Amino acid sequence: MPTSRNEPIASERWRAFRFAAIVCVVCSLAVSVAAVALGPAQEKNAARFREQQLLRAAGHLREGEAPSAEAVRDRYARGLRERRLDLRSGHYLPKRAAGPERLLSMEATDSREAPPNEAGIKRLPEAIAVYEILEEGQVVGVVLPVQGKGLWSTLWGYLALEADGNTVRNLVFYEHGETPGLGGEIDSARWRALWPGTRLVDERGELRLTVGKRLPPATSQEPRDADTPHDTRAGALVEDDFRVDAIAGATITSQGVGTMLRFWLGADAFGPYLARLRAREVDFDEL
Amino acid sequence: MSSESMRALRDPFFDHNPIAVQMLGICSALAVTTRLQTALVMSIAVTAVLVFSNLGVSLLRNAIPSSIRIVVELTIIASLVIVTDQILKAYAYSISRQLSIFVGLIITNCMILGRAETFAMRNGPAMSVLDGVGNGVGYALVLLLVAACRELFGTGRLFGSSVLLTVEEGGFFVPNGLMLLSPAAFFLIGLLVWALRTFRPALIDEPLSGYRPDRAHAPMPRPEAP
Chain A
1 MPTSRNEPIA
11 SERWRAFRFA
21 AIVCVVCSLA
31 VSVAAVALGP
41 AQEKNAARFR
51 EQQLLRAAGH
61 LREGEAPSAE
71 AVRDRYARGL
81 RERRLDLRSG
91 HYLPKRAAGP
101 ERLLSMEATD
111 SREAPPNEAG
121 IKRLPEAIAV
131 YEILEEGQVV
141 GVVLPVQGKG
151 LWSTLWGYLA
161 LEADGNTVRN
171 LVFYEHGETP
181 GLGGEIDSAR
191 WRALWPGTRL
201 VDERGELRLT
211 VGKRLPPATS
221 QEPRDADTPH
231 DTRAGALVED
241 DFRVDAIAGA
251 TITSQGVGTM
261 LRFWLGADAF
271 GPYLARLRAR
281 EVDFDEL
Chain B
1001 MSSESMRALR
1011 DPFFDHNPIA
1021 VQMLGICSAL
1031 AVTTRLQTAL
1041 VMSIAVTAVL
1051 VFSNLGVSLL
1061 RNAIPSSIRI
1071 VVELTIIASL
1081 VIVTDQILKA
1091 YAYSISRQLS
1101 IFVGLIITNC
1111 MILGRAETFA
1121 MRNGPAMSVL
1131 DGVGNGVGYA
1141 LVLLLVAACR
1151 ELFGTGRLFG
1161 SSVLLTVEEG
1171 GFFVPNGLML
1181 LSPAAFFLIG
1191 LLVWALRTFR
1201 PALIDEPLSG
1211 YRPDRAHAPM
1221 PRPEAP
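Respectively, the protein sequence lines represent chains A and B.
Residue numbers are given in this note's numbering: position 8 of the first sequence equals residue 8, and the series is strictly consecutive.
Residue numbers are given in this note's numbering: position 151 of the second sequence equals residue 1151, and the series is strictly consecutive.
Just so you know, these hints were derived from the structure itself, not from any lab.
These figures come from a predicted structure and were not determined experimentally.
No incorrect hints appear here.
A few chain A positions that, by computed beta-carbon distances, are all more than 12 Å from chain B:
#: 1; residue: 60
#: 2; residue: 62
#: 3; residue: 73
#: 4; residue: 82
#: 5; residue: 87
#: 6; residue: 88
#: 7; residue: 134
#: 8; residue: 147
#: 9; residue: 163
#: 10; residue: 206
#: 11; residue: 258
#: 12; residue: 266
#: 13; residue: 272
Not everything, but these chain B residues come out facing chain A in the computed CB check (under 10 Å):
#: 14; residue: 1063
#: 15; residue: 1071
#: 16; residue: 1072
#: 17; residue: 1080
#: 18; residue: 1082
#: 19; residue: 1097
Ideal placement from N, C-alpha and C gives every residue a C-beta, glycine not left out.
Extracted from the complex, chain A is given alone in its bound form (with noise of 0.2 Å):
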């Protein structure tokens, strides 16, 4: 209730502090107990969610399938081998014999500082996690993890490739904090569907994947002039398979996603690994 017109005006000022400063810590301590408490299972779903991203990036699960969890533990021991890379030689390394396997993390012991680049990448691990996708036994391609910075917070996505290392097989984000129904249509279907088929090189072994507005075609020898129109209909943009058109309203974002790929599939990072890809060299079956 307001306070009586006797009461001095600094006197309610103080009461007015107190008590807004009590309902501060009362509300911060609920919500922080609330985080930490809940937080263990929210990171367990966060991995589950990331493992069935990995599937859909390999292909083994489909769009508005929910399979149970024991349904997604047989499709990943199935579908997909894990393999460790090390990224400057492109050569797979034994396994750890002990310990898990999410070698996403980075300590400073297995990381070194990144060369400089504009995806915002500071450190690189020494090696890195890189998945084989299998069907009937056999490798069809390899998901490689990415990430990189977007408008507003980091994209972490799964690459998965054709096993000649030059085709895009899907491109999957199962984290970001962009702004839904710009950014954050990066998740959608529609979105990703451009993706499938999209090269990476060229017969000249120059990367040209890039992410960006597909161009008209030269216009003829017509002189142009300010008052002709160009012709910018989208039957007219030229074929290019190595160009993915971004997101309109979500500039920022898509400039992030190329530049992101270009740093993780250029020399880098897994360039090496790419080169022994297309030339053939890596060994599947090697252990």
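With chain A held as given, fit chain B onto it using these hints.
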């Protein structure tokens, strides 16, 4: 339960329905009603936040200094929404992903701040809880009705299970794509408001300008002299 309590509980179902009569909380009704499942979870989350925020504000109503009243109410509401979000992420992860930002946006739902300010600040805890439950149920009624229409006519399903076999699945039903867009929710809510006022004529508002359609031939009332 006393008649006053019964009124606090049941008025918001129809006569004082938060969405159809008080016109509060419409934004979330547009966004999460594409599917019954998300609408149901949203209704439960909003009701829970509403009940506890009404309870909290009512318990503190004599202690809150008037100058920081709204801020304190918002702090309580925001904390409750954060806790609700954490609970959803822990125990209903896939649904929380579908609801994404709309759980956080419960903080901005005018209905919750509105009830805290207009009811909980002036009534005891028991009545405030009843009011919270009543408004939550009223909100849920509208949300579930709209979601049922949108999911059924937009995809032929209810709660994800097929009810009307679509043409793609070999049936006769051609899904109405408009139902999956936000404007459809607006239209459905408008139809609901219309239906409610047809059955409860007392809810029809007096037009501001004094125009009465049944007395269209009578001279317009003159504004009173100041």
